[in-house]
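2 protein chains.
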Amino acid sequence: MSDKINNSDDQRTHEFSKYLRKFEVPHVLNLERGGNLENVEIAYETYGKLNSDKSNCILICHAITGDSHVAKHNEKDLPGWWEIMVGPGKPIDTNKFFVVCSNVLGGCRGTTGPNSKNPKTNNYYGADFPVITIKDMVLLQKILIDSLDIKQLLGVVGGSLGGFQCLEWATQYPEMIKTCLPIASSPRLTTQGLAFDVVARNAIISDPNFNSGDYYDFENKPDIGLALARMLGHITYLSRESMNEKFEIDRNNPRNISTSFEKKFSVGSYLAYQGERFVERFDANSYVTLSTALDLFDLGSEKKQLKENLSKSKCKWMIISFTSDWLYPPYQSFDIVDALLSESKNVSYCNIKSNSGHDAFLLSTDIESYGEITREFFSNAFNFDNKKSKNTKVNTKVKIGLTNRIDFQYISDLIPENSTILDLGCENGELIKNLSITGFSNSLGVEINQSNVIECISSDIQVVHSDLDSILLKFYDNQFDVAVLSQTLQSIKNVEKILKQMTRVAEYSIVSFPNFAFKPMREMFFNEGKAPKIKGWYGYNWYDTPNVRFPSIDDFKEFCDDKNINIEKSLYLDTINNKKIIDDPNLNADSAIFLIS
Amino acid sequence: MSDKINNSDDQRTHEFSKYLRKFEVPHVLNLERGGNLENVEIAYETYGKLNSDKSNCILICHAITGDSHVAKHNEKDLPGWWEIMVGPGKPIDTNKFFVVCSNVLGGCRGTTGPNSKNPKTNNYYGADFPVITIKDMVLLQKILIDSLDIKQLLGVVGGSLGGFQCLEWATQYPEMIKTCLPIASSPRLTTQGLAFDVVARNAIISDPNFNSGDYYDFENKPDIGLALARMLGHITYLSRESMNEKFEIDRNNPRNISTSFEKKFSVGSYLAYQGERFVERFDANSYVTLSTALDLFDLGSEKKQLKENLSKSKCKWMIISFTSDWLYPPYQSFDIVDALLSESKNVSYCNIKSNSGHDAFLLSTDIESYGEITREFFSNAFNFDNKKSKNTKVNTKVKIGLTNRIDFQYISDLIPENSTILDLGCENGELIKNLSITGFSNSLGVEINQSNVIECISSDIQVVHSDLDSILLKFYDNQFDVAVLSQTLQSIKNVEKILKQMTRVAEYSIVSFPNFAFKPMREMFFNEGKAPKIKGWYGYNWYDTPNVRFPSIDDFKEFCDDKNINIEKSLYLDTINNKKIIDDPNLNADSAIFLIS
Chain P
0 MSDKINNSDD QRTHEFSKYL RKFEVPHVLN LERGGNLENV EIAYETYGKL NSDKSNCILI
60 CHAITGDSHV AKHNEKDLPG WWEIMVGPGK PIDTNKFFVV CSNVLGGCRG TTGPNSKNPK
120 TNNYYGADFP VITIKDMVLL QKILIDSLDI KQLLGVVGGS LGGFQCLEWA TQYPEMIKTC
180 LPIASSPRLT TQGLAFDVVA RNAIISDPNF NSGDYYDFEN KPDIGLALAR MLGHITYLSR
240 ESMNEKFEID RNNPRNISTS FEKKFSVGSY LAYQGERFVE RFDANSYVTL STALDLFDLG
300 SEKKQLKENL SKSKCKWMII SFTSDWLYPP YQSFDIVDAL LSESKNVSYC NIKSNSGHDA
360 FLLSTDIESY GEITREFFSN AFNFDNKKSK NTKVNTKVKI GLTNRIDFQY ISDLIPENST
420 ILDLGCENGE LIKNLSITGF SNSLGVEINQ SNVIECISSD IQVVHSDLDS ILLKFYDNQF
480 DVAVLSQTLQ SIKNVEKILK QMTRVAEYSI VSFPNFAFKP MREMFFNEGK APKIKGWYGY
540 NWYDTPNVRF PSIDDFKEFC DDKNINIEKS LYLDTINNKK IIDDPNLNAD SAIFLIS
Chain Z
0 MSDKINNSDD QRTHEFSKYL RKFEVPHVLN LERGGNLENV EIAYETYGKL NSDKSNCILI
60 CHAITGDSHV AKHNEKDLPG WWEIMVGPGK PIDTNKFFVV CSNVLGGCRG TTGPNSKNPK
120 TNNYYGADFP VITIKDMVLL QKILIDSLDI KQLLGVVGGS LGGFQCLEWA TQYPEMIKTC
180 LPIASSPRLT TQGLAFDVVA RNAIISDPNF NSGDYYDFEN KPDIGLALAR MLGHITYLSR
240 ESMNEKFEID RNNPRNISTS FEKKFSVGSY LAYQGERFVE RFDANSYVTL STALDLFDLG
300 SEKKQLKENL SKSKCKWMII SFTSDWLYPP YQSFDIVDAL LSESKNVSYC NIKSNSGHDA
360 FLLSTDIESY GEITREFFSN AFNFDNKKSK NTKVNTKVKI GLTNRIDFQY ISDLIPENST
420 ILDLGCENGE LIKNLSITGF SNSLGVEINQ SNVIECISSD IQVVHSDLDS ILLKFYDNQF
480 DVAVLSQTLQ SIKNVEKILK QMTRVAEYSI VSFPNFAFKP MREMFFNEGK APKIKGWYGY
540 NWYDTPNVRF PSIDDFKEFC DDKNINIEKS LYLDTINNKK IIDDPNLNAD SAIFLIS
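These protein sequence lines are chains P and Z, in that order. Under numbering that gives the first Met the number 0, residues 0 to 596 are what the first sequence spells out, in order. Under numbering that gives the first Met the number 0, residues 0 to 596 are what the second sequence spells out, in order.
Calculated directly from the structure, the hints in this document are not laboratory data. Quick reminder that beta carbons are idealized off the backbone N, C-alpha and C, glycines included. Just so you know, nobody snuck in bad clues.
Output of the computed footprint for chain P on chain Z, the stretches with three or more beta carbons under 8 Å from beta carbons of chain P:
hint	segment
1	184-194
2	201-212
3	249-261
Have a look at the derived ranges for each label pair, beta carbon to beta carbon:
hint	chain 1	residue 1	chain 2	residue 2	range
4	Z	SER450	P	LYS311	43 to 53 Å
5	P	VAL547	Z	ASP412	32 to 42 Å
6	Z	LYS311	P	GLU247	19 to 29 Å
7	Z	ASP476	P	ASN563	52 to 62 Å
Whenever a hint applies, use it, and build me the whole structure from the sequences.
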């Protein structure tokens with residue numbers, strides 16, 4: 000079970016990196032919750048080179064137990080906590096970007112924290128260290144970035160506590176960041192997450208060696224309390240699935256480690272080991288200070304408040320969550336996306352399918368997806384000026400599904416100039432690319448398939464990873480000028496609800512679908528008594544078609560009539576012969592496009 | 000926030016019930032993991048009256064912090080921990096049943112445990128108390144039941160640790176129990192659940208006042224460790240949803256309680272209060288002893304082993320889980336059901352939709368569903384002899400969906416005598432009731448809708464609450480003689496998979512469905528170019544029909560041909576005129592029944 004115990008986290012030592020730099024804040028640091036700190040030092044490391052116009056700096060924010068040593072500086076260096084993501088050629092490519100990572104305020108890895116000496120008393124801060132917040136942490140980072148004479152960061156990125164810092168950056172210093180990528184974050188902790196932190200801190204503060212936080216001068220430290228906190232944290236960082244995978248096979252065979260904790264079970268020996276290694280490199284007061292800052296972070300539990308806070312941001316957003324993360328559950332990331340969209344911010348979202356729980360962003364298991372997104376997101380932001388030419392490579396005759404998308408051109412023609420567009424079920428973004436060539440720059444795609452979402456992000460298309468039901472409910476009335484449901488109607492079960500929501504959230508809606516009453520289909524069914532099947536969207540067997548609804552043009556018209564939906568324009572196509580149909584379209588057209596309101 | 004703190008659990012005092020009885024085991028108790036205990040006392044309480052043939056006794060098994068005081072004995076008595084379930088007229092009706100509940104071995108509420116005196120040394124057991132298992136607990140209960148001269152229990156019921164005891168009863172003393180109702184249980188804890196227990200025990204054993212378990216003679220007890228364990232336990236008993244509901248509204252407003260623990264947040268004050276109240280009535284050694292017994296319980300992680308263990312059981316089973324229970328997740332209860340079905344045991348299952356997490360079985364929120372099931376399950380078992388006459392009240396012409404089920408009789412006619420029958424999508428069990436009148440006694444229903452499931456259980460129909468996909472994969476080849484998919488084909492998306500699995504798990508399958516190519520449908524579609532709609536199963540609008548597949552008789556035949564499915568018999572109906580169709584059924588029949596293999 001050695002592989003279970005020696006993960007990269009444990010390779011971190013209590014020694015500081017040789018490459019650690021320090022900057023001393025030349026003034027008093029006033030804190031959000033009152034009080035101040037003097038002679039504050041910030042420890043940081045940098046990777047890659049700052050370019051001449053200082054436009055390539057990415058700031059990485061670490062999680063609660065991380066530090067400034069995010070990656071190796073060279074082959075001989077000790078590995079960092081995000082080795083898989085940061086380095087030459089890696090998703091955060093240090094050949095291209097100048098990367099900065101600093102230890103947070105209140106930490107114990109070089110930056111001023113409870114284990115630093117208070118210049119006023121020349122004793123360790125201990126119990127005297129003030130309550131700090133994420134805002135204070137970010138203020139200190141801002142001072143560091145100022146000291147490097149960088150006016151704007153290309154990006155800020157981080158997971159967990161790091162994600163909270165990203166959110167704070169975007170709202171506190173909107174002019175200073177171009178892009179923001181919070182991973183596995185939330186507007187604020189769930190009560191459950193908060194409760195785990197409370198128990199962890201209770202374990203620390205009730206350790207007799209804690210002595211209200213003044214233990215630095217004693218031999219015995221509150222190691223037991225801190226180890227208990229770490230054990231508990233570990234459980235919450237993993238998912239039920241990943242714990243089962245790791246420990247079910249040898250549940251009753253603990254590793255033979257020396258520990259004062261229970262070692263009856265495989266997972267027990269793992270936790271004991273993790274707990275006892277942790278206290279060698281971490282400080283109990285720091286843990287209390289940082290987890291309290293986590294718990295106090297609050298962008299709002301209600302949409303109104305969240306919107307208000309996020310309204311200040313000016314950056315381009317990319318939000319990532321992980322399906323099995325139960326500590327920062329995906330719905331919370333989705334709430335951020337929702338609020339940003341309501342404020343008409345540029346935000347994309349991907350909820351990555353993962354078994355690894357909250358820790359997913361530190362593990363290589365799902366790096367192909369979240370690494371790729373990170374790479375493309377920053378790369379697109381950096382290459383922004385060259386970007387538009389890239390889009391012209393689009394193939395308007397590309398095959399999607401089973402037929403040529405000649406309808407794209409007709410759909411574009413229906414959209415008024417300068418419209419904001421919502422493309423429901425945007426697949427890999429072909430329609431939006433097409434629209435962008437035609438001059439529409441303000442489109443949002445919604446897509447359920449993860450690889451399609453990643454493809455959209457690569458193409459620099461704003462996209463939200465969601466089913467239609469969930470996302471439509473979030474939009475406000477007339478949030479968009481035009482909503483498009485292109486060749487998707489036949490595959491959604493709750494037609495009425497989706498159309499009702501579409502017409503609510505957009506002034507105009509465009510619905511295109513294959514006409515089930517197309518002549519050859521009718522004849523086939525009438526004469527043969529079998530489910531009609533023709534090349535194209537209805538080219539499937541009755542038992543395995545992705546279609547679940549089979550509308551005809553007349554059915555759709557009647558539906559609109561019944562539901563008080565206005566048909567503004569309609570257009571009927573024979574897509575095989577690429578021509579418009581005027582005469583009895585319900586019989587002669589294989590496809591229809593409606594503009595409704 | 001008083002209502003959040005004074006739940007019924009807290010009304011329990013450290014005093015023992017006035018109605019507590021004790022029985023002393025007249026011999027040495029040999030333990031599963033070695034060692035033995037002398038002069039063991041078991042504390043118990045009884046409710047209601049034992050009837051003359053001693054056939055009305057229900058044993059209730061309590062969870063880790065429970066005791067024998069399950070309910071009030073009269074109006075003036077203190078409330079018990081399952082007041083909502085046990086009493087005159089309640090789901091476990093003490094007017095009808097003789098109810099026994101004993102404190103478990105290793106507990107601290109009257110039965111011999113670590114805080115009892117060791118007769119060999121005349122000191123408290125403390126660290127000397129042996130490792131005990133659920134098997135040992137149940138052995139002691141069995142001795143108690145023997146002492147009451149009861150040969151067979153009508154039922155055993157309990158949640159959590161109580162559920163483990165139920166499972167142990169059914170496998171250790173199969174002759175002694177007629178029915179078994181484990182609630183929120185599992186074959187063994189998940190690694191995650193186990194890990195929480197490990198951290199809780201580590202908090203206790205590393206409390207300096209624990210002194211290896213020998214603390215009874217000292218003033219200071221390991222109260223901090225025990226309180227931490229309780230806080231942690233509490234989080235795992237609730238769901239994320241229920242914690243949010245309780246504490247989000249006033250997250251930053253803790254109750255003003257006096258505590259040595261943190262009270263920054265609303266949930267923090269709750270946990271502190273719960274932790275500190277708990278130590279007044281519970282013993283740390285007991286907690287360690289009982290949670291270790293929980294963790295050691297293991298009916299098998301693999302199906303093979305689980306089957307082997309459960310094969311000994313002879314009782315009728317009812318398994319209940321709760322959707323939001325993440326400590327004993329529903330899939331684990333489903334694993335038990337799966338193993339029991341593989342062993343051809345009589346088992347029903349309901350996964351109750353609940354927001355209350357693991358604690359759901361102690362709360363009144365969902366009592367309407369799980370209380371009803373418990374009442375009906377025991378009542379049916381008790382009235383077993385009078386039962387069959389009840390079934391004859393069935394209405395064979397009952398309306399289900401939109402049409403008369405005259406097909407039921409035809410389906411019955413196709414089934415060979417004494418067959419075991421699987422009814423997929425059994426709704427409220429009408430077909431099975433009908434079959435039971437015709438003499439088929441061995442039917443299992445599968446149903447996705449909770450109220451239908453509860454209705455089946457009330458009618459004493461064996462039913463499993465599941466979607467078809469999940470359950471079909473669990474059955475072994477030819478586990479049933481006949482599988483029935485009655486008027487369900489048109490509403491399932493993955494037709495091929497379901498039919499493949501059906502024909503795998505049953506020797507014969509009966510599939511009935513409405514014929515989409517029925518003449519009026521064809522004409523309507525051909526002439527009007529609109530989605531055909533006639534009275535009956537195809538009587539819906541194209542946009543809101545529950546149907547997602549539209550098979551014709553010829554389509555189905557072709558499908559069988561393609562997939563190497565043999566059509567043994569077929570039968571075509573005009574259900575409106577209640578007659579069989581011989582001539583061109585694909586045109587003239589509105590419904591078809593196929594016997595395939």
